[in-house]
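J.: Protein chains in written order, with the numbering used here: chain A, 1 to 231; chain B, 1 to 614; chain C, 1 to 497; chain D, 1 to 137; chain E, 1 to 303.
Be aware that a few hints might be false.
[What the hints assert, rightly or not] Here are the computed lysine to aspartate or glutamate pairs in the EDC-like style, where the Cα-Cα straight-line distance is at most 16 Å:
#1 K61/D - E88/D
#2 K136/D - E293/C
#3 K108/A - D152/A
#4 K2/A - D130/D
#5 K435/C - D359/C
#6 K433/C - D359/C
#7 K427/B - D529/B
#8 K356/B - E428/B
#9 K46/A - E81/D
#10 K85/D - D37/A
#11 K136/D - D156/C
#12 K346/B - D285/B
#13 K133/D - E204/C
#14 K346/B - D258/B
#15 K21/B - E95/B
#16 K520/B - E541/B
#17 K153/C - D104/C
#18 K528/B - E539/B
#19 K202/C - D152/A
#20 K356/B - E434/B
#21 K85/D - E12/D
#22 K84/D - D37/A
#23 K84/D - D152/A
#24 K3/A - D130/D
#25 K94/B - E434/B
#26 K346/B - D286/B
#27 K289/B - D258/B
#28 K143/B - D359/C
#29 K27/C - D156/C
#30 K153/C - E204/C
#31 K85/D - D45/A
#32 K23/A - E12/D
#33 K202/C - D37/A
#34 K61/D - D152/A
#35 K440/C - E357/C
#36 K202/C - D266/C
#37 K136/D - D581/B
#38 K61/D - E131/D
#39 K23/A - E50/C
#40 K440/C - D359/C
Don't read these hints as lab results, they were simulated from the structure.
So you can see what is in the structure, the chains are spelled out below.
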Amino acid sequence: MKKILVLSLLAVFGVYLAEVLFKIDFGHQFFLNGVKDFYLTASPDKLKVANVVTSIVVNFRGFDTLGEVTVLFLATTAMSSILYKGRHKLGERAVLFSSSRIVMTGSKLLFPAIILLGVYVFVHGHLTPGGGFQGGVIIATGFLLMLLSYQDYQVSHVVLSVVESLAGITFASIGLIGLLNGGTFLHNFLHTGVLNNLLSGGVIPIIYIAVGFKVGAELTGLIYTALNEKD
Amino acid sequence: MIYILFSILLGGAILTFLANKISGLLRDTFFLLTMLGATLIFYTQLHIGGLVNFSIGSFNLEWGVNSFSWYFSLIVLGLGTLAAFYALSYMKGKENLGFFYFSFLISILSMLGIVMSHDLISFFIFWEMMTWSSYFMVIYSGKNVQKNGINYILFSAFGAYAMLTAIALVYANIHSLSIVEMISNYGQFSPALQTWIPILFLMAFSVKAAMMPLHVWAPGAYSDSPMAYTSVFSGALSKMGIYGMILIFVTMISHLPDDTWFREVFAWLGAITAIMGTLWAIAQDDARKLLAYSSVAQLGYIITGVAIGTDLAMLSALFLAALHALFKGTLFMAVGAVERQTGTVKFSEVTGLIRKMPWTFIASLLAIIALAGIPPLGGFVGKWMLYESLINSNHYILVIAIFFASTSAFLYCYKFLFGFFLGQEEKEWAHVKEAPALMVVPMLLMAGFLVILGTFPGILLKPADTAMQTLGFAPTEGHLWSMSVLFNAWGDQVLLRPLVYAIAGIFLFFLIILTVKGWKNTRYVTTKDISSSGEVPLEHENLTFSVNFYQPFLRAVGPVMKHRMITWYREFGAGMETIFDFTRRIYTGNGQTYAIYVMVFLVIILLLQNTIFG
Amino acid sequence: MVGSPVLFIAIPLLAAFLIPLLGFVWKESVRILPGLVLLYLLYLSLTLMEQVVHTGTIVEVIAGWAPPWGINLVFSPLTGLLTTLMILMGFIIWIYSYRFKNIDFQEAVKYFILLLMLITGSVGIVLTGDIFNQFVFIEITSISAYALTAFYKGRDSAEASFKYLMIGSLSSMFLLLAIALIYSQLGTLNMADIAAKAHLMKPEFKILALIFFITGLGIEAEIFPLNGWAPDAYAQAPGPIGAAFSGIVVKAGVYAMIRVMFTLFDVAGTHQFLIVIGIITLIIAEMSAVRQEHLKRMLAYSSIGQMGLVIVAFGIGTEEGVFAALFLMLNHAIIKSLLFLSGSYLVYHSTGKYISEVDGIARNLPITSFLFALGSIAIVGMPPFAGFWSKWSMLTAAAHSNLILIIGLVLSVSLIELVYYFRVLNRIYFFPKKKEVVVKKPTINALLAMGLLGLLILIIGFYPDSVTGYLHAASQSLLDKGKYIHDVLSTGQLLLP
Amino acid sequence: MEFKLFDLSIVEYAFFVTSVLIILIGLYAALVKKTLIKIVIGLSILDAGINLLLISIGYLKAGTAPIFSPALVKNMPLTLENIKKLSEGMVDPVPQALVLTAIVIGFGVTAVALSLVIRLYRHHHTLNIDEIKNLKW
Amino acid sequence: MHEIIQITWGAIVSFILAFTVGITYMGLNRKITARIQNRIGPPWYQNFIDVIKLGSKQTSIHHGVMQHMGPAFIMVTSVMSLLIIPILNQNRFFPNLNFHGDLVFLLYIMVFGPLGMALGAGQTGNPNSAIGVTRGLSQMAGFEIPWVMALVALMIQYKTTSIVDLMNIQVETGKWLMFSSPFAFLAALLAMLGMFRYAPFDIVGAPQELASGPMSENGGKYLFVMMSAGSVFAFAKLTLYVDLFMGGANNLIILVVKTFSLYLFPMLYGIVSPRYRTEQSVRYFWGWPSLFGLLAILHAMFF
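Let the sequences and hints guide you as you build the complete structure.
T.: Below is the structure:
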């Protein structure tokens, strides 16, 4: 009964949605004077950032990203708040399984490479596909690997929270410095350099690096909290 | 001056409330000073016709006194002051006195505010202040709070909201809140509004005036508030409803093309209120309830008078309004005195107080005679004018109805006197003493005034006449009344003075005859010393007849009383609550169901989009 | 230049990031910092508000890109008013919860971060001029709200939170769908730009987007039947958070919905739709409240009902109607917060939070009970308290638009409201106290916070002029769509780095 | 309704059709499945579907990634005209940026949801949503 | 001053007249009743003997001030109604206190006494008295309705509330109101049954049951005054009926004839009737008599 109801509801919803979507001329632009044209020109021209998505994420719509970072930060806080049960004791985490020596050694070998890859991805966020979020996630997978392989692997909560706080503060402070320096929040107050150079794009790489650190630390924290959770 | 008056009352209320924390004497002093100060200022400093205005919330508020409002302030302040003295003694030793005095003063303030408001918004604000301050009194005792308190506040709010709607309609149409402008622009409203605005206003006023079918709150509320306040509650506060009704009937209804319907309906509602109130009063065992129903009934007469709206009817309504304040104030005070001295207000529990509380008895007796409308007290004057006005304006059946109500009223009148004061004296109540002077004197003052009014109704008719002239009636002095003569439209007249003197003379003559004959030999024996079918009742046997007092009569009117309004309301309320209870089961507690609701909502809008956003 | 509207977002975020760090250094700072931030923002919002009313809307551009390319914040009389209100309520709630979780430092850190973010997210929803940015802020608010709802461990709070989260996820889905539809048609995300170009959209897109917006934002604005989560969340969240929900979060939701309906699209029939939906919400909520056995749940239903009333007032659509709606929102924020704050002390001692457990509690908690009574009397609209003026303006607005039926309906619902509030009041004051109850006395800061709210009720009640000027400016600014578009789109030429 | 079911151009709308289907599947799971974990999974699927939809709105036939990589720019002087010309062949970058944000937000919500599920399991010792309704009416 | 003396003088003469006639009627009542019941019965002057006996008896106890005042209250009603009701046409006998617009006043002054007596009875403490009083008051609420209806019908038909006016109309037209307003007369006549409290409406006193009800604790001077008041009141009522419906009387002889013939009605009705219970009697009065009253009003309104 419930299934039939839900199915019919979904059918109506889907039909209406699809009907409208089919009116979109797929694969063609049909709106005039959209903002994307501006972004596509201004990004290489004004900001000297090769990756337009990055310039949108960090600068044109940098405010969204600040919010996004906050969402992550909140998710971590929320998770630890929701699961919080008295004080954590380090190393007191549930033993899910014991990994074999091969896995342990392999992860140990892979771990630096993963971290390095992550760092590369967020440092080159304004040049190549990728960026702070992607890099941060890669870094977190490194820690996830370690946490899964080693039952007694420790990540210092203090370090994590210091890193994530500092990264967040960096982002917000750069925005505020922009406000003081150029009159608008997140103003790109550094020299923009030359397109496709590593040191180009003014504050964009700095912000993205901060985001990378923050995402990495936060995702690690999330995983750690979830694993470390007492029953 | 109005500012000062209001600030005195408001400040006095707050000071009294605060002083309660410090000392009882200080509180009493503040309370009394406030009340006296307000009365003094009102009578000495306030001149009729003065207006003050100021603006708040982009509304222009206007306060002022005219003769009409002066008449009602007379009732409020007169009764209020006497009740204040009474309260000092009556409330001694009770809890939360600061709260009581605060509410008392605030309700006096709000009543004065109502009659002095010249704009609708302050009228409404004062109206609501009156409601909640009196609500505090209703729940003061803490008994039946959930039932009577909620009833009262619910009905009051119903009325208030009706009024608010009317005010909003007026404001939306003329962009002014002045009562004067509302009246002067009334003719330009659309016909629908012309009908609905008075109806909405009258709904509000008939709640406070306890008119059928909106009277349900009254018995409970009147009987639950402390008697010191009930005298004001029933005597003055309910008159605010009458005040509003008169205003509406005179200024609006009379301009309606088909006002006869209105008048007939309201007159009949008033009459039915009177009848049903009387019948239910007869059935009560609790003196407070009896008086409460009696108040409902008395207000029914007044409403009828207002609704008929001829010169004489209006005059009688105004006169009865003041008179009702006097005698019902006295009676509630008497009940309060009995309650304070004996601790009960049930007729079936207390008897034979006449020798213990003679002054209370005398006050009650006079008030009852006035209530019953028996000459030579003031009540007769009001009743006479009411009947004559009804007969002269061709409301014959109405006369019968009213007369039936007031004849039946003798039953509960007698029950009141008999229940408390007469009957056998019992050892149980041997310790009872007369109430303190502070309580007795206000009652006696009012009772005395009732006696004077019986001979010289002109004292009260004079201001009533002035008040009516403010409302646009022709002066009536000389052709409807003079100091102690009453006239009707057919030229018939009652010369009160010779009648009263004759009654007094005959009474005294026979009293003297009775007294003189066997003066030496006749001695008082206790009420146990009776011949009851040849047997003398023993000391512990109480033969006083007080349970099922009027059972035969009630049996006779049984069919009418089978249905109680309050039962209907209660069933309605219970039905509503069942529906509500059913409704809240929409919130099943299952998160998925809520999510499905969201989808249902979406799909409904999707399907109806052409209708909704077409 | 006193400060820029962006500080309303940036400073709390900075503070939120700082709090964990400061916590390592000085524990008390965790409690103090949010208060300082909110106090500063309160000052800022008041000064900006004064400025805005006199000189006109401030449009703050982010990252130097003028609208529609960059994100912008709009501090108009309307948004300014709501911002001020939210910050004020936030500040008062902060005062109230200053000693919250006094023992457990870890919990306190999280509580204050989440509270600050809840407020910031709501302020962001109101201030932003970009629909996607609004979505982000809605999510910030929601996640903080989920976490705060589930804050207490011992109760069924996780259940409430999960329900909230489920429905909230649907909400974000619909919002994203609507954004996608709009973007596919107009290629822009700026509200003013959308509003200016709305006529270029194909009508079916427009209507579908509108429907998705209504559904998505309606969940935040608690309209029936999208509000299944609300009573649970209100009842299970800590007391101050309940106050924040009704005083801050819902206001933001309603604002977002109204902004979409009034500014973004010019679809016919929205006003009538708002009226109908508002009335349904109002009636169902008030009906559900009557037979409620839990105090906070009752307050929650009442809150939903009041929001229905607000929506009806918006639906009237005239300037008077909008004025009334804003006034209602203002009063509701203040009064309902007071009720939640004082109410949670009234049932502090009980685990079930049953109404029957407040019997005679006035003897132990005189001030709290008095404030609760004040709030109850004010919210049912009795003069001379704050609630009366808003109800009055609502009625006149309806009367002026000849919506007599609405008046009748609203007032009869008010009667229902009156019944259940007075039932509780009677219990508090006049029922015999149960012996075994050990009540919790409110702390000084809680009393201060409640006292402030009570004072506000009295001030607005006795001197409504103190706020009506701002409300008029705000209602004009909501209705003047052309001015909004002009203000935003004319902000500067390209500000380039 | 313009269903072009027998028109081959429907293939072009595969992205839309797929994303709508994914959305519907996710919704179905969230609305019908009894297990909390499955509901959370359903919500995640829902997110994925919406992200796909968003991305496909920005799709340009034969478009390139919106990156002015050295390979693309080659040795062209970066005048405004050149940039304009290059950018004409690029897909819309805005939805991509939006999706990035949406993914992160979806992730955050999922994390919170899962932690709530843990709490619920602890409290109720069940994952059946029909049995978790202490709060009602 | 002269006026006062005249009124006083008139009052005394009227009182004596009414007293004499009233007591005589009561004695005749007893005699006739006895004859019908096939008894010899007391002589017609027996009641005089009784009254004199009561008046000369020495009373030694009373139960309080209200009992003491009760008889005086009753006297007020009796004498006041006697003074207000014009005894002969054109007020040729003493006009006393008669005034224009006296009907409503009369209605109210007529209940003054019963209430006063009730108070007196109440204070005696005898339960029978109280029971009797409640029955009496209930019954009063019953018969007042047709009575008022009849009066109102007269008032509206002739646009006056004055008895003298009504009498003059009968004299002028030469037609008694009992013929021109038959329904009003019927209603009033049936109401009179209740007023006289003879069987079947004698439950108030109900000798075998209540020991004469309200009067039961009274003896000696109290009963003397009560009996006198009752007889005066009976005469006053009869005179009122004659004035209203039977064209009044031009001299005392005609008055006596008319009143006695009217008096026969409740008397004879009572002799052949059993006793009604209170609610039965109340319902009786709200039945046919009130219907007649209603018809009378309708008649007055439309004809």
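J.: So if I understand the rule, the pair passes when the alpha-carbon distance is 16 Å or less; does K3/A with D130/D pass?
T.: Distance of about 15 Å is within 16 Å: holds.
J.: Would you check the hint for K23/A and E12/D, treating anything up to 16 Å between C-alpha atoms as holding?
T.: Within the cut-off at roughly 12 Å; holds.
J.: Check the hint pairing K520/B with E541/B against an upper bound of 16 Å on the C-alpha distance.
T.: violated, 31 Å
J.: Mind checking the alpha carbons of K153/C and E204/C for me, to see if they're no more than 16 Å apart?
T.: violated, 47 Å
J.: Within 16 Å, alpha carbon to alpha carbon, are K2/A and D130/D?
T.: Holds, at roughly 13 Å.
J.: K108/A and D152/A were given as a pair; does the straight-line alpha-carbon distance stay at or below 16 Å?
T.: Holds - the C-alpha atoms of D152/A and K108/A are around 14 Å apart, at most 16 Å.
J.: Between K84/D and D152/A, does the CA-CA distance stay at or below 16 Å?
T.: violated, 55 Å
J.: Against the 16 Å threshold, does the CA-CA distance of K356/B and E434/B hold or violate the hint?
T.: holds, 6 Å
J.: Please work out if K346/B and D286/B have their alpha carbons no farther apart than 16 Å.
T.: Cα-Cα ~5 Å, so holds.
J.: Does D258/B sit within 16 Å of K346/B, going by the straight-line distance between their CA atoms?
T.: violated, 48 Å
J.: Can you confirm whether the C-alpha distance between K289/B and D258/B stays at or below 16 Å?
T.: Violated: K289/B and D258/B sit about 38 Å apart, past 16 Å.
J.: Does K61/D pair with D152/A here, judged by a C-alpha cut-off of 16 Å?
T.: violated, 51 Å
Violated hints, listed in ascending order, are 13, 14, 16, 19, 21, 23, 25, 27, 29, 30, 33, 34, 38, 39; each of the other numbered hints is respected by the structure.
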